[in-house]
Amino acid sequence: MSEITLQDIIKPENLVYKKTSLMTDKALSYCPGCGHGTTHRLIMEVIEELGQENETIGVAPVGCSVLAYEFMNVDMQEAAHGRAPALATAIKRLWPNKVVFTYQGDGDLAAIGTAETIHACNRGERIVMVFINNGIYGMTGGQMAPTTLPGMKTATSPYGRDIATMGNPLKMTELVATLPGTYYVTRQSVQTPAAVRKARKAIKKAFQNQLDGKPGVSFIEVVSNCNSGWKMEPVQSNTWMEENMFPFYQLGDLKVDGKLIDK
Amino acid sequence: MGELKLMKGNEALAEAAIRAGVDGYFGYPITPQSEVIEYLMAEKPFERTGMVVLQAESEVASINMLYGGGGTGKKVMTSSSSPGISLMQEGLSYLAGAEIPCVVANVVRGGPGLGDIQPAQSDYFQSVKGGGHGDYRLLVLAPSSVQEMSDFVPLAFDLAFKYRTPALIVSDGLIGQMMEKVELFDQIPRLTDEEVIKRHPWATNGKPKGGERRILTSLDLDPHKLERHNWHLQEKYKTIEENEVRFEMLHCEDAEYIIVAYGSSARIAQKSIQLAREKGIKVGLLRPITLWPFPKKPIDELTKKGVKGFLSVEMSAGQMIEDVKLVVEGRTKVEHFGRYGGVIHSPEQVLEALEQKLIGG
Ligand SMILES: Cc1ncc(C[n+]2csc(CCOP(=O)(O)OP(=O)(O)O)c2C)c(N)n1
Ligand code: SF4
Ligand SMILES: [Mg+2]
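In order, the protein sequence lines correspond to chains A and B. Here this note's numbering runs 4 ahead of the position in the first sequence, where the first position is 1. 228 is the number that this note's numbering gives to position 244 of the second sequence; each next residue is one higher, with no gaps.
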């Protein structure tokens, strides 16, 4: 029997999945194993599936995903650190028929941009906000974030986050769920195929809400890893995330169709 | 002739925003300019022209709303007063870097810090030297009447879009609060979405079908590319300096002394000049209308003509005087006079300063 070549495998009938055209061919700048890339792809797949590639304007943050606009093949603006919800507010108000989303890290959305986040959510802007919570400042070299867990070691909490002096981790998603201006609030993850499928469904629901003109923000937190910042192997970081982050940041829907979910 | 109205400067600015076909105003209250957003909310332009008016949670948010909205090619505007404008400096730097047109009005009050709510001109440095980080310039227009509070709104938008850069309208609490007769210009229709898309191919309002997506950013991690971007910005600023200098001269033909003053100080100086001429002192006024680009040429020409001195009259401790000195280069005397911290100088005080600092000294 002759050897099977690549050409034998790449046949239309064997292709079950391909990269969305809404991701550029540029190599991702993320560390191997990082959740940012997967989440980018899910958002772009959903926008493509909903046929909104010519109607979408995305707002990138400052953080590791500052270059999201290099990878997401739609019109993009790059905001100042934390200000993405303000940009998105104006874009959506001025182009109410367009699809507008922000993509932000935990430092961006829950520290320096807290005011913009809360007020965009409270005003009920009809936008999608995707929030990558990796419990750390990945981009600047692993400093403490508002979301850093108690006892967690970072560059600015080298002996572990001491609650008495450094304050408590902020559950931003729980907070925005209580605001009347949010319509859909959910917490997801992307570390396994099953989790990816769930997260994709949530992202699709969020964008569908916006297309349907639902009143308020659709807010998706993705609890993610930062293997570099956490100083772990990618697989180890996912295990650590499941064991430490998930008990604190519990996955699942917090608010659906404007109604809080009883847990 | 357009509609005549008696209005406050702040109201004229707000009405001009509606009439200039502005698509979105985003602002946060602060004295002495809160009438702008109050007027807009009361006038309901959302019903008249479809203009969006939104009270933001802070000036940080308002300026970033201008980034987002301006980035889609729409006409966006905000106004504030000194402490609020300080909060906008981060955003202005980003807007300049990403080359997004917008109009920001500063009704200046006394500082530093919370200062007071009285008129001042102590934000000159911040306006023309770049209050935010990086090498950038803002186009700065300085109205000296309620009429110009109205007229400079469409002018600022024309310039902002022509050069894809933020434009600043810098007045002060006096012009913002005083009432004068103003001839309003006729309504300029807002552009339709289709017109915006056609006119501003750089704007991010949805990737064109079959075309390339647009990116608005001030970031480039490659220093050589960022240097090239800076060269491009500097080229643009040079073009603005060559083409957009605006100023006014009054009684300069035979003048031996020149008062350089903008905004309210220019109005006060007009009276000082009248008083001086009654005493036989030949004084003229040079009024910069664009604070940046600064009217260097007329100052240079007056210096060459041999005027005996310049008095920079500003309601500040002496900021614009530095630009006058840069042009004069020691060839003649340059002095400063001004009350500040919210105190307004009188025409008599200006004349006295002229006599003491330039003639007597
Ligand atoms: C005004 C301002 N302050 C600080 C910084 C530096 N900075 C860049 S990214 C960042 C933190 C990003 O963390 P996060 O939002 O969690 O994103 P991640 O990299 O973890 O995805 C900081 C502090 C900045 N760029 N701008
Ligand atoms: S530093 Fe962390 S967040 Fe940034 S790309 Fe690497 S793993 Fe991802
Ligand atoms: Mg982070």
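Check the hints yourself; a few may be wrong.
[As the list claims (entries may be wrong)] Selected chain B positions facing chain A (Cβ under 7 angstroms, derived; list incomplete):
| # | residue |
| --- | --- |
| 1 | Asp7 |
| 2 | Gln39 |
| 3 | Gly52 |
| 4 | Gly53 |
| 5 | Lys58 |
| 6 | Tyr78 |
| 7 | Ile181 |
| 8 | Lys182 |
| 9 | Arg183 |
| 10 | Gly194 |
| 11 | Leu203 |
| 12 | Asp204 |
Everything labelled a hint here was simulated from the structure, so no lab data went into it. Cβ atoms here follow ideal geometry from the backbone N, Cα and C, with glycine treated the same way.
Each hint, compared with the structure:
1. The closest approach between the C-beta of B:Asp7 and any C-beta of chain A is roughly 6 angstroms, which is under the 7 angstroms cut-off, so the hint is satisfied.
2. Interface restraint check: B:Gln39 against chain A, minimum CB-CB distance 10 angstroms, threshold 7 angstroms, status violated.
3. Annotation: B:Gly52 was flagged as interfacial toward chain A, and the flag holds, the nearest CB pair being 3 angstroms apart, inside 7 angstroms.
4. For the restraint placing B:Gly53 at the interface with chain A, the shortest Cβ-Cβ distance is roughly 3 angstroms, inside the 7 angstroms limit, so the hint holds.
5. This hint holds: B:Lys58 has a C-beta 5 angstroms from the nearest C-beta of chain A, less than the 7 angstroms allowed.
6. Taking 7 angstroms as the C-beta cut-off, the interface hint given for B:Tyr78 holds, the closest approach to chain A being about 5 angstroms.
7. Taking 7 angstroms as the C-beta contact cut-off toward chain A, the hint placing B:Ile181 at the interface is violated, the least distance being around 10 angstroms.
8. For B:Lys182, the interface hint is violated, since its Cβ never comes within 7 angstroms of a Cβ in chain A; the closest pair sits about 15 angstroms apart.
9. Against a cut-off of 7 angstroms between C-beta atoms, the interface hint on B:Arg183 is violated, since the closest Cβ of chain A lies about 15 angstroms away.
10. Evaluation of the B:Gly194 hint against chain A yields a violated restraint, the C-beta minimum of about 9 angstroms exceeding 7 angstroms.
11. For the restraint placing B:Leu203 at the interface with chain A, the shortest Cβ-Cβ distance is roughly 6 angstroms, inside the 7 angstroms limit, so the hint holds.
12. For the restraint placing B:Asp204 at the interface with chain A, the shortest Cβ-Cβ distance is roughly 10 angstroms, beyond the 7 angstroms limit, so the hint is violated.
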